[in-house]
Amino acid sequence: MVDTTKNTKVFTSYGVNTSKTLTPEMAAKLISKAKRPLLMVGTLTLEPEMLDRVVKISKAANLPIAATGSSMAVLADKDVDAKYINAHMLGFYLTDPSWPGLDGNGNYDMVIVIGFKKYYINQVLSAAKNFSNLKTIAIERGYIQNSTMSFGNLSKADHIAALDEVIDLL
Amino acid sequence: MSKLTTGSFSIEDLESVQITINNIVGAAKEAAEEKGKELVKAGPTLLPGLESYRDDWNFKLLDRYEPVITPMCDQCCYCTYGPCDLSGNKRGACGIDMMGHNGREFFLRVITGTACHAAHGRHLLDHLIETFGEDLPLNLGQSNVLTPNITISTGLSPKTLGEVKPAMEYVEDQLTQLLATVHAGQESAEIDYDSKALFSGSLDHVGMEISDIVQVTAYDFPRADPEAPLVEIGMGTIDKSKPFLCVIGHNVAGVTYMMDYMEDNNLTDKMEIAGLCCTAIDLTRYKEADRRPPYAKVIGSMAKELKVIRSGMPDVIVVDEQCVRGDIVPEAQKLMIPVIASNPKIMYGLPNKTDADVDETIEELKSGKIPGCVMLDYDKLGELCIKLTMEMGPIRDASGITAIPTDEEFKNWVTKCADCGACMIACPEELDIPEAMGFAKEGDYSYLEKLHDQCIGCRRCEQVCKKEIPILNIIEKASQKQISEEKGLMRAGRGQVSDAEIRAEGLNLVMGTTPGIIAIIGCPNYPEGTKDVYYIAEEFLKRNFIVVTTGCGAMDIGMFKDEDGKTLYERFPGGFECGGLANIGSCVSNAHITGAAEKVAAIFAQRTLEGNLAEIADYILNRVGACGLAWGAFSQKASSIGTGCNILGIPAVLGPHSSKYRRALIAKTYEEDKWKVYDARNGQEMAIPPAPEFLLTTAETWQEAIPMMAKACIRVSDNSMGRSIKLTHWMELHRKYLGAEPEDWWKFVRNEADLPLATREALLKKLETEHGWEIDWKRRKVISGPKIKFDVSAQPTNLKRLCKEA
Numbered sequence: 000m001v002d003t004t005k006n007t008k009v010f011t012s013y014g015v016n017t018s019k020t021l022t023p024e025m026a027a028k029l030i031s032k033a034k035r036p037l038l039m040v041g042t043l044t045l046e047p048e049m050l051d052r053v054v055k056i057s058k059a060a061n062l063p064i065a066a067t068g069s070s071m072a073v074l075a076d077k078d079v080d081a082k083y084i085n086a087h088m089l090g091f092y093l094t095d096p097s098w099p100g101l102d103g104n105g106n107y108d109m110v111i112v113i114g115f116k117k118y119y120i121n122q123v124l125s126a127a128k129n130f131s132n133l134k135t136i137a138i139e140r141g142y143i144q145n146s147t148m149s150f151g152n153l154s155k156a157d158h159i160a161a162l163d164e165v166i167d168l169l
Numbered sequence: 000m001s002k003l004t005t006g007s008f009s010i011e012d013l014e015s016v017q018i019t020i021n022n023i024v025g026a027a028k029e030a031a032e033e034k035g036k037e038l039v040k041a042g043p044t045l046l047p048g049l050e051s052y053r054d055d056w057n058f059k060l061l062d063r064y065e066p067v068i069t070p071m072c073d074q075c076c077y078c079t080y081g082p083c084d085l086s087g088n089k090r091g092a093c094g095i096d097m098m099g100h101n102g103r104e105f106f107l108r109v110i111t112g113t114a115c116h117a118a119h120g121r122h123l124l125d126h127l128i129e130t131f132g133e134d135l136p137l138n139l140g141q142s143n144v145l146t147p148n149i150t151i152s153t154g155l156s157p158k159t160l161g162e163v164k165p166a167m168e169y170v171e172d173q174l175t176q177l178l179a180t181v182h183a184g185q186e187s188a189e190i191d192y193d194s195k196a197l198f199s200g201s202l203d204h205v206g207m208e209i210s211d212i213v214q215v216t217a218y219d220f221p222r223a224d225p226e227a228p229l230v231e232i233g234m235g236t237i238d239k240s241k242p243f244l245c246v247i248g249h250n251v252a253g254v255t256y257m258m259d260y261m262e263d264n265n266l267t268d269k270m271e272i273a274g275l276c277c278t279a280i281d282l283t284r285y286k287e288a289d290r291r292p293p294y295a296k297v298i299g300s301m302a303k304e305l306k307v308i309r310s311g312m313p314d315v316i317v318v319d320e321q322c323v324r325g326d327i328v329p330e331a332q333k334l335m336i337p338v339i340a341s342n343p344k345i346m347y348g349l350p351n352k353t354d355a356d357v358d359e360t361i362e363e364l365k366s367g368k369i370p371g372c373v374m375l376d377y378d379k380l381g382e383l384c385i386k387l388t389m390e391m392g393p394i395r396d397a398s399g400i401t402a403i404p405t406d407e408e409f410k411n412w413v414t415k416c417a418d419c420g421a422c423m424i425a426c427p428e429e430l431d432i433p434e435a436m437g438f439a440k441e442g443d444y445s446y447l448e449k450l451h452d453q454c455i456g457c458r459r460c461e462q463v464c465k466k467e468i469p470i471l472n473i474i475e476k477a478s479q480k481q482i483s484e485e486k487g488l489m490r491a492g493r494g495q496v497s498d499a500e501i502r503a504e505g506l507n508l509v510m511g512t513t514p515g516i517i518a519i520i521g522c523p524n525y526p527e528g529t530k531d532v533y534y535i536a537e538e539f540l541k542r543n544f545i546v547v548t549t550g551c552g553a554m555d556i557g558m559f560k561d562e563d564g565k566t567l568y569e570r571f572p573g574g575f576e577c578g579g580l581a582n583i584g585s586c587v588s589n590a591h592i593t594g595a596a597e598k599v600a601a602i603f604a605q606r607t608l609e610g611n612l613a614e615i616a617d618y619i620l621n622r623v624g625a626c627g628l629a630w631g632a633f634s635q636k637a638s639s640i641g642t643g644c645n646i647l648g649i650p651a652v653l654g655p656h657s658s659k660y661r662r663a664l665i666a667k668t669y670e671e672d673k674w675k676v677y678d679a680r681n682g683q684e685m686a687i688p689p690a691p692e693f694l695l696t697t698a699e700t701w702q703e704a705i706p707m708m709a710k711a712c713i714r715v716s717d718n719s720m721g722r723s724i725k726l727t728h729w730m731e732l733h734r735k736y737l738g739a740e741p742e743d744w745w746k747f748v749r750n751e752a753d754l755p756l757a758t759r760e761a762l763l764k765k766l767e768t769e770h771g772w773e774i775d776w777k778r779r780k781v782i783s784g785p786k787i788k789f790d791v792s793a794q795p796t797n798l799k800r801l802c803k804e805a
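Line by line, the protein sequences are chains A and B. In this text, residue positions in the first sequence follow numbering that gives the first Met the number 0: the first is 0, and each later residue adds one. In this text, residue positions in the second sequence follow numbering that gives the first Met the number 0: the first is 0, and each later residue adds one.
Everything labelled a hint here was simulated from the structure, so no lab data went into it. Mixed in with the good hints, there may be bad ones.
[Stated by the list, open to error] Calculated pairs, PhoX-like style, for lysine-lysine (alpha carbon to alpha carbon, straight line, at most 25 Å):
1. LYS82/A to LYS667/B
2. LYS19/A to LYS799/B
3. LYS659/B to LYS134/A
4. LYS799/B to LYS40/B
5. LYS155/A to LYS415/B
6. LYS659/B to LYS89/B
7. LYS765/B to LYS77/A
8. LYS19/A to LYS659/B
9. LYS799/B to LYS788/B
10. LYS155/A to LYS36/B
11. LYS786/B to LYS746/B
12. LYS659/B to LYS117/A
13. LYS746/B to LYS82/A
14. LYS673/B to LYS799/B
15. LYS155/A to LYS465/B
16. LYS82/A to LYS764/B
17. LYS117/A to LYS82/A
18. LYS667/B to LYS466/B
19. LYS34/A to LYS134/A
20. LYS134/A to LYS667/B
21. LYS155/A to LYS449/B
22. LYS530/B to LYS117/A
23. LYS465/B to LYS117/A
24. LYS675/B to LYS786/B
25. LYS134/A to LYS89/B
26. LYS449/B to LYS117/A
27. LYS82/A to LYS786/B
28. LYS58/A to LYS82/A
29. LYS746/B to LYS765/B
30. LYS59/B to LYS675/B
31. LYS241/B to LYS269/B
32. LYS673/B to LYS82/A
33. LYS735/B to LYS77/A
34. LYS746/B to LYS735/B
35. LYS82/A to LYS799/B
36. LYS379/B to LYS344/B
37. LYS765/B to LYS82/A
38. LYS155/A to LYS466/B
This one's a predicted model, so the numbers in the text were calculated from it and none came from an experiment.
Isolated chain A, as found in the complex (with noise of 0.2 Å):
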């Protein structure tokens, strides 16, 4: 029998490109792979178990940070490599190759986002998943679909979880 089952591709030339979802073992991973990786730290990190996890990930993969939003409040005295950028002007610069980046260095190859509201980070991102090459990995609560790749929505306590498992495995 002909199987009549296998490309569900839409015949048109439209659709809707959303993220990958992801694993905390594979956000380990790419995080652990990427040659020059950007932290960036939304405002929701203010909440302790937040700030917790976001701190020892970055401290685990010597991850710089970008302390968007009001973050840098809580990670000035955190003894992270953390400086304060605005979010939306962040998204804009990464798009562009010859931004010398927060420390001078050159442009990032790859951006972890945390602490977001699922909303604002979703908009900032989607000037690079258009206009740039450069990978996006969402481990927020949310799923975060113009990032590369993502977790899927979670409860609060899963969320934690998995934070956990990835920091386990950097």
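We have chain A already, so just place chain B on it with the hints.
Structure of chain B alone, referenced to chain A:
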């Protein structure tokens, strides 16, 4: 045929027949063009078209402030060639790419907002000319420069209602041209959509100016009055023992007839009239020029619309236009609240009773035979709404209709929650409703109560709840105490900034010794609740900035009190002065905010307004430290207001939701070439600091927005005292809200006198050790290091044509 403009003529052969022509299409514009030729001094862009600002000004702005496109979705579904997948900046079947398509999307929002204000202005202008006549003199307070936005665009300075007509016609003409460009196969370059959007923004401020000057004039609104009366605001201010008429929208024309009817029939103390959104702001300005004790009240912003209806408080709802929810009729119908549509822009499919007998219509509405009606005859509207309210009040009171559940129902609903999380995914604010429901099951309602202020009352959660829990009603039930305490004060909209106020502040603004103008405008789609704008306003007021407000933002900052029970409007003066909190008025009053900046250039610096947008904007960008904040911007109008500020060189910070407008304007602070201007004295290039570093961007939190705005007030022209004051505020605020010193403070330093006084010594040390600057420690002076030089007489400009050598 002879070329008539306006007036009357008679045909001789026909005895006793006279044909009167009130208006010939195009004639007013023609007259304006003729008048333009008579102007002794005028800039190059009188009655500008789509291309006029493009090369001389807009492209200069867009070269530094680059469009940042953040598409909302991958597809373009605009014509029948598609849908086309444009992701990765692909081109669609028509040839447009993702950049161009999203430039068009943003532009479409700007012209929609512009059209909204222009149509509002046209409605008011025609109605007021019909009511008061063409010759009613414009009366806006103690000013000679009455209409800076109109004058810049058209060269005209109207002095009567009738003389406003050519400017109105000009805006409508250009809007048609602009709308045509969104058709498939028209403009496709993103950068040209940006230029057109900027142009549309400038027109928006003309449309808004028209709307506000005619209503201030004809309705006796406060006229540049810093002591306009304080008005009650909040859901808790409504006395529910009285019948309550609730008005929603932006166009106050119809409401004035209701208020007149109340006054004529001595009903002002026997019923409540209060509004939501800008109709509320403008009804509290009505006849307040002489500061009579106000009786009309403000309930709040658009986010309160559904909450108020669900409370069951209104006995009648009247809607006019703009920012009115689409579900008001079905929601009101459930609670026996008749809805009257008073403006042809929103008719809701309701029966039109304009020609019907008022008393018969009242009977139909009372009996519930019809859920509401359209009423476009304002005399009848006034009578209908007031009589109906007086009759519905006791009827609805007796039946005690509300959507708020009883204690028992509330507990039952809460128990039903299955913690599936669908509501949180549906919530545009991403509120953790499941968590709050979980705590409520255990008897702790504080989490639900906390959601009340953050919730924008959209009911998306209810529609996805598999258990059909009326989630909004549950939140409101848990917040009854909080709602009853929602009582604040807002200063009635004062109208434009007077020439005298500009003269008093002009020098301080240009030198920087007044640290800046902070304009808090716009809608209530806040990320964390209404109190955000209160915190922002308070911080800047305490630091002696001039804070101006309009619209929903003006309302929300009046909703909160300090420990002494005082609102910001009671704590700070209402003038355009250092530490002043000036509520300018409704959305359309935003034209007076750009107007104030324009007047600094015109009155203080004697620059020509007529046809001279680029020069005025250049002056503002380089010398007037102002920054807008549209923290909850949701509407297309907010995008046109902001874009109208942007073309004039005024930056604006938006809340995180506004990333969904799809386009920001952000500069690359690291590209030194972008940070140069000419010195108009000799045409030589001079390096400037990277400020402002954006014209339009978003902040994630109010704590982030505050230092961003303080920084965005830094200008090239600041003298040392001004720069020192501005750096002091920015650096303190950065430390306060972002926990550390800003990284780039040194880029703004030209010499030791620019440094904040209190930390000068320590900062000099840092300049030496961290940035390699040479310091003469005996004289405490900078010897070498700064990339930018300070020259008190330099005349910074982005326009080569303004330079002497040119």
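Pairwise hint evaluation, LYS799/B against LYS82/A, where the allowed Cα distance is 25 Å at most: 38 Å, violated
Restraint status (C-alpha distance of LYS82/A to LYS667/B at most 25 Å): 17 Å, holds
Given pair status - LYS77/A, LYS765/B, alpha carbons within 25 Å: Roughly 23 Å separates the two Cα atoms, so the pair holds.
Given hint LYS82/A paired with LYS673/B - CA-CA distance at most 25 Å: 23 Å, holds
Hinted pair LYS134/A and LYS667/B, Cα distance within 25 Å: Satisfied, since the Cα-Cα distance of roughly 22 Å is no more than 25 Å.
Pair hint outcome, LYS465/B versus LYS117/A [Cα-Cα no greater than 25 Å]: Holds - the C-alpha atoms of LYS117/A and LYS465/B are around 23 Å apart, at most 25 Å.
Pairwise hint evaluation, LYS786/B against LYS675/B, where the allowed Cα distance is 25 Å at most: With Cα atoms ~11 Å apart, LYS675/B and LYS786/B stay inside 25 Å; holds.
Pair hint LYS58/A and LYS82/A, alpha-carbon separation not exceeding 25 Å: 15 Å, holds
Hint consistency between LYS799/B and LYS40/B [alpha-carbon to alpha-carbon, up to 25 Å]: 19 Å, holds
Satisfaction of hint between LYS788/B and LYS799/B, Cα-Cα up to 25 Å: Holds, at roughly 20 Å.
Hint consistency between LYS765/B and LYS82/A [alpha-carbon to alpha-carbon, up to 25 Å]: With a Cα-Cα distance of about 18 Å, the restraint between LYS765/B and LYS82/A holds, given a limit of 25 Å.
Hinted pair LYS134/A and LYS89/B, Cα distance within 25 Å: 19 Å, holds
Hint compliance for this structure: hints 2, 10, 18 and 35 are broken, all remaining hints hold.
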